[in-house]
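Mind docking chains B and C on chain A? Use the hints.
Below are the chains, spelled out letter by letter.
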Amino acid sequence: MPVYQVTTAADLLSDEQRQQIATEVTRIHTSHTGAPELFVNVVFSEVPAGRTFTAGERSQMSFIVGQIREGREIEVRQAMLAELSAMWIEVTGHGDRDLLLAIQENDSRAAMEAGLIFPAPGTEAEWFTENKDKLVALGLVEA
Amino acid sequence: MPVYQVTTAADLLSDEQRQQIATEVTRIHTSHTGAPELFVNVVFSEVPAGRTFTAGERSQMSFIVGQIREGREIEVRQAMLAELSAMWIEVTGHGDRDLLLAIQENDSRAAMEAGLIFPAPGTEAEWFTENKDKLVALGLVEA
Amino acid sequence: MPVYQVTTAADLLSDEQRQQIATEVTRIHTSHTGAPELFVNVVFSEVPAGRTFTAGERSQMSFIVGQIREGREIEVRQAMLAELSAMWIEVTGHGDRDLLLAIQENDSRAAMEAGLIFPAPGTEAEWFTENKDKLVALGLVEA
Numbered sequence: 000m001p002v003y004q005v006t007t008a009a010d011l012l013s014d015e016q017r018q019q020i021a022t023e024v025t026r027i028h029t030s031h032t033g034a035p036e037l038f039v040n041v042v043f044s045e046v047p048a049g050r051t052f053t054a055g056e057r058s059q060m061s062f063i064v065g066q067i068r069e070g071r072e073i074e075v076r077q078a079m080l081a082e083l084s085a086m087w088i089e090v091t092g093h094g095d096r097d098l099l100l101a102i103q104e105n106d107s108r109a110a111m112e113a114g115l116i117f118p119a120p121g122t123e124a125e126w127f128t129e130n131k132d133k134l135v136a137l138g139l140v141e142a
Numbered sequence: 000m001p002v003y004q005v006t007t008a009a010d011l012l013s014d015e016q017r018q019q020i021a022t023e024v025t026r027i028h029t030s031h032t033g034a035p036e037l038f039v040n041v042v043f044s045e046v047p048a049g050r051t052f053t054a055g056e057r058s059q060m061s062f063i064v065g066q067i068r069e070g071r072e073i074e075v076r077q078a079m080l081a082e083l084s085a086m087w088i089e090v091t092g093h094g095d096r097d098l099l100l101a102i103q104e105n106d107s108r109a110a111m112e113a114g115l116i117f118p119a120p121g122t123e124a125e126w127f128t129e130n131k132d133k134l135v136a137l138g139l140v141e142a
Numbered sequence: 000m001p002v003y004q005v006t007t008a009a010d011l012l013s014d015e016q017r018q019q020i021a022t023e024v025t026r027i028h029t030s031h032t033g034a035p036e037l038f039v040n041v042v043f044s045e046v047p048a049g050r051t052f053t054a055g056e057r058s059q060m061s062f063i064v065g066q067i068r069e070g071r072e073i074e075v076r077q078a079m080l081a082e083l084s085a086m087w088i089e090v091t092g093h094g095d096r097d098l099l100l101a102i103q104e105n106d107s108r109a110a111m112e113a114g115l116i117f118p119a120p121g122t123e124a125e126w127f128t129e130n131k132d133k134l135v136a137l138g139l140v141e142a
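Chains A, B and C, in that order, are what the protein sequence lines are.
Counting in numbering that gives the first Met the number 0, the first sequence runs from 0 upward without gaps.
Counting in numbering that gives the first Met the number 0, the second sequence runs from 0 upward without gaps.
Counting in numbering that gives the first Met the number 0, the third sequence runs from 0 upward without gaps.
Bound-form chain A, shown alone (with noise of 0.2 Å):
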């Protein structure tokens, strides 16, 4: 965690705008909260064409919705909202009317990686201390 799932219609983006977006999503994730690259996943999903209404009506709407720990101040979530929107008109030429975007928290005590809890924003480097033999042993991390 976080998890990010960007949601279009098929075919609205290349595999290297995939490839991009998953870059700059975890770029601007790391540089705003100080988490680590390893805990941050980026999950494509589409749907077909015409399965998209806003206000009634068929739509082009793609979705960004990000689940982070619980715990960033509001300032640091809406920074990243629109870096993840500037990042979304740069990478894919589209602008950013037909894009929602959301951030929601998860109790970080209550989410799982490699079989571990995960810890409370700020306290990762403990985190790694203590785990370290598992992570390395799982190649997560260099000895």
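Worth flagging that the hints you see were computed from the coordinates, not collected in a lab.
Take the hints with a grain of salt, since some may be wrong.
For chains that are exact copies, the list does not tell them apart, and a pair is met inside one copy or across any two.
Straight-line Cα separation of at most 25 Å, DMTMM-like style, residue types lysine to aspartate or glutamate; simulated pairs [said to hold, decoys possible]:
{"#": "1", "residue 1": "LYS131", "residue 2": "GLU69"}
{"#": "2", "residue 1": "LYS131", "residue 2": "GLU82"}
{"#": "3", "residue 1": "LYS131", "residue 2": "GLU72"}
{"#": "4", "residue 1": "LYS131", "residue 2": "GLU45"}
{"#": "5", "residue 1": "LYS131", "residue 2": "GLU89"}
{"#": "6", "residue 1": "LYS131", "residue 2": "ASP10"}
{"#": "7", "residue 1": "LYS133", "residue 2": "ASP10"}
{"#": "8", "residue 1": "LYS131", "residue 2": "GLU36"}
{"#": "9", "residue 1": "LYS131", "residue 2": "GLU141"}
{"#": "10", "residue 1": "LYS131", "residue 2": "GLU74"}
{"#": "11", "residue 1": "LYS133", "residue 2": "ASP106"}
{"#": "12", "residue 1": "LYS133", "residue 2": "GLU89"}
{"#": "13", "residue 1": "LYS131", "residue 2": "ASP14"}
{"#": "14", "residue 1": "LYS131", "residue 2": "GLU56"}
Just so you know, these numbers come straight off a predicted model, no measurement behind them.
Then chains B and C, alone, in the frame of chain A:
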């Protein structure tokens, strides 16, 4: 925001039913909350048959999950659930036996559309006034 | 509710594994919470290979996200996460290196199944008694 995600088995719904459901979800949300139609998104996702289980056995469950801006009274949310459930029966011809609905709340300060942070519930009019130039330029409201 | 959403790359799981996972998720949730089996839904979604990124690079991450009724002790949620993670290793033969799990809470008052608002955790028996006629009519419980 809101975003209502409708998840069903593949081919449960026709294009016409999807349009009807989108129209009705939009009407139900705006009439109960006073939110503008422009904010209401409906997305239809499908999973292949046999990918949904209830009580450990394959089921025909469909799901309507609405992510709405935080702060609506519980009575409003429950009235929307009841009306959505009744609408489902009428539009699809299926009963409510295999329909699960949920409304989740998202901090309006942590959601963005058209590059703009959403207003809190009840402050939409001020928001449209403040952001009129951009919204007109995007063609989202009339000049 | 709960709804457990399992998201993987396409073809990671077989039909038999999906059935086993659904059975085990249902057992784990009911044994830790006392919730009735009837409430437990598991949905399997897939994304094409190459659509999941971790630390900015393509990854094989799978996701199990449970939306449960609000109010379970954190110890209960963490015990479920640990057991779900161990179950994943056993059923899939994959390690827990590429599995992210999260449990999210939803206000039980804002969720509905079979046209009925869900009971709060711990009040299921009263709910079944109050709604017995409808539940029997729908074939969801025995007379």
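>> Hint compliance check: list the failing hint numbers for this structure, sorted ascending.
In response: The structure conflicts with hints 3, 4, 6, 7, 13, although it agrees with all the remaining ones.
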